[in-house]
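Chain G with the ligands: place on chain H using the hints.
Chain order of the listed sequences is H and G.
Residue 1 is where the first sequence starts when you use UniProt numbering, and the numbers rise one by one after that.
Residue 1 is where the second sequence starts when you use UniProt numbering, and the numbers rise one by one after that.
A few of these clues could be false.
With a straight-line cut-off of 25 Å between C-alpha atoms, the simulated DSS-like cross-links for lysine-lysine are [claimed, not checked]: (1) G:Lys159 to H:Lys176; (2) G:Lys201 to G:Lys212; (3) G:Lys24 to G:Lys3; (4) G:Lys154 to G:Lys131; (5) G:Lys212 to G:Lys159; (6) G:Lys131 to G:Lys159; (7) G:Lys131 to G:Lys142; (8) G:Lys201 to G:Lys47; (9) H:Lys174 to G:Lys131; (10) H:Lys92 to H:Lys174; (11) H:Lys176 to G:Lys133; (12) H:Lys176 to G:Lys131.
Facing chain H, a subset of chain G residues (Cβ under 8 Å, in silico) [said to hold, decoys possible]: (13) Asn27; (14) Asn69; (15) Phe107; (16) Phe113; (17) Ala114; (18) Leu130; (19) Ala134; (20) Ser160; (21) Glu204.
No wet-lab data here; the hints were simulated from the structure.
No residue lacks a Cβ here, since even glycine has one placed at the ideal position from N, Cα and C.
Chain residues, written in single-letter form:
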Amino acid sequence: MNAKRTDFLATVIINLIVAAVVGILVFLLAYILISGLPHVSWTFLTGTTDAFSGAGGIGVQLFNSFYLLVLTMLISIPISLGAGIYLAEYAKDNWRTSLIRSAIEVLSSLPSVVVGLFGFLLFVVKFKIGFSVISGAIALTFFNLPLLTRNIEESLSAVSRSQREAGLSLGLSKWKTEIGIILPVALPGIVTGIVLSAGRVFGEAAALIYTAGQSAPVTNFADWNPMDAASPLNPFRPAETLAVHIWKVNTEGLATNAAQLSAAASAVLIIAVLLFNLGARLLGNFLYRRVTASK
Amino acid sequence: MLKQYSFDETAVQTFDDSTSLAMKTENLQVFYGANHAMHDANLAFPKNQITALIGASGSGKSTYLRSLNRMNDGIATVTGKIWYHQVDINEPTVNIYEIRRHIGMVFQRPNPFAKSIRENIVYALRANGLKDKAELEERVEKSLRGAALWDEVKDSLDKSALSLSGGQQQRLCIARSIAMEPDVLLLDEPCSALDPISTVKVEETLLELQKKYTIIIVTHNMQQAARVSSQCAFFHLGHVMEYTSTGNMFSNPQIPVTQDYIAGSFG
Ligand SMILES: Nc1ncnc2c1ncn2[C@@H]1O[C@H](COP(=O)(O)OP(=O)(O)O)[C@@H](O)[C@H]1O
Ligand SMILES: [Mg+2]
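For reference, chain H alone in the conformation it holds in the complex:
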């Protein structure tokens, strides 16, 4: 076979593989959306669930998913930002650093069920916090930290050394250079990573079943004092999320229309995740133009 033919053949095969991947994705999305969307309505999106049968709307679960996401991000972004900056900028190339890196690798390969059970035993049982938003958020933080840290480290390391030298040569401290010069350049990549991880966190169920719990007590959306037991912002109340709800309706739901309910909830979940992905791109591009002052 001559080089030209080999090349042609390889191109065809690669294109077919790509088409297959895209095809599977489109099929999945279409299937979920087509079977779920017809059952999505305003009352479904905002209504409450019947605690016994699991029938009814997903308003509380939807809120829980977002609230848990926000809490998780509030905890994990500062930590991974610190860890990422440390690894990219300050860590020396020695055994201690490689130990830290291996630890992060291991943490990122832990199955989320294991993380969930760990959270259950430690926070729910041992610390007696009970099934709660906060237990769930901490479990999700474990699950989120490694990827976020690596994303931040990589985004920072990708910024040219010459930018650091420029900052230092002007008498800026290493920290000031990192925060004022390097971080803004890396920000679009970091934000993209954060939003993508938000998508993963949003769809996570296994780590939450035993931490945030499987019940969505009806909360009083007029009460925004996080200290009140009935407040949606109370971090110590159990909070079934959308993903957990889908799992539950499918496994132990008693509603007669369980299949429709889970299909509709899945469609909502998928749309939310797609929006995160789209948002990640738009926000990343927007931020890049903002910080670099390029129009």
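Structure of chain G with the ligands alone, referenced to chain H:
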């Protein structure tokens, strides 16, 4: 096969007390781990003059230059003395951030910040505590004029610095350095990434700037050294071989290694 020259035969000028000096190094040595990259450099830099450091690639010019404002901290071990205003700034106790504000640096590849043109200049000033808006604006204009860039960018100060041409970016980097109002300006092959027209502009800028600053410029372009500098030091394999006025260097080099290098019959 590279010709061997004795490192004992050197011709390094010194200055008597009538010349006021901006900086001076004594027995400066630089080690990259086990690699002894700079041997006993004894150079003095007269105020308000341009000194060129020439020599083949890998001869240690950048290594030497980067030691002068402690940019080798954390990269290499530097021993010896670096005198600046009667202070040995190679002492570990010296505030290196302060030093770098007095001894600015421009690099080989233009490295403007990924910020607007204005922000490139005011960022470090603000970080150093200069908050007054009017004063900042004044510094922007003054430094851009100093770097001969003002007329080209005065209407687009909020545009990204990355949208400028290479030559403009390099002059912005010069402006950014002189905005700090340093004493000494170190430039490491500032024109090597530029086209001939931009190079001429940068050289003209430097000639103008020497009225206010002491300039030390690394170049491996001998014509450039001849055009801009008044003193010239020749580096060879980590040794300073000859240091003299630029006129002497090119018309009457003293030792064989310099003669061969200037004649282009090196090695
Ligand atoms: N960051 C570094 N780490 C290790 N060795 C270096 C580094 N920078 C330069 N060197 C070594 O120092 C010597 C002089 O290099 P350099 O100062 O860059 O020369 P020049 O600027 O004259 O081309 C070379 O042998 C080079 O390999
Ligand atoms: Mg060099």
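Here's how the hints hold up against the structure:
1. G:Lys159 to H:Lys176: 23 Å, holds
2. G:Lys201 to G:Lys212: Holds: Lys201 of chain G and Lys212 of chain G sit about 18 Å apart, inside 25 Å.
3. G:Lys24 to G:Lys3: Violated, because 31 Å separates the two Cα atoms, which is more than 25 Å.
4. G:Lys154 to G:Lys131: 21 Å, holds
5. G:Lys212 to G:Lys159: Since the Cα atoms of Lys212 of chain G and Lys159 of chain G sit roughly 29 Å apart, the hinted pair is violated (cutoff 25 Å).
6. G:Lys131 to G:Lys159: 22 Å, holds
7. G:Lys131 to G:Lys142: Measuring from Cα to Cα gives roughly 17 Å; hence the hint holds.
8. G:Lys201 to G:Lys47: 23 Å, holds
9. H:Lys174 to G:Lys131: Distance of about 21 Å is within 25 Å: holds.
10. H:Lys92 to H:Lys174: This hinted pair holds, its Cα atoms lying about 15 Å apart.
11. H:Lys176 to G:Lys133: Within the cut-off at roughly 21 Å; holds.
12. H:Lys176 to G:Lys131: Holds, at roughly 17 Å.
13. Asn27: Result: violated, 25 Å to nearest chain H Cβ.
14. Asn69: The hint holds - Asn69 of chain G has a Cβ within 8 Å of chain H, the shortest such distance being about 7 Å.
15. Phe107: This hint holds: Phe107 of chain G lies near chain H, its Cβ roughly 6 Å from the closest one there, short of 8 Å.
16. Phe113: 6 Å, holds
17. Ala114: Cβ of Ala114 of chain G sits 4 Å from chain H, so the hint holds.
18. Leu130: 12 Å, violated
19. Ala134: 21 Å, violated
20. Ser160: 4 Å, holds
21. Glu204: 23 Å, violated
The structure shown violates the earlier hints numbered 3, 5, 13, 18, 19 and 21.
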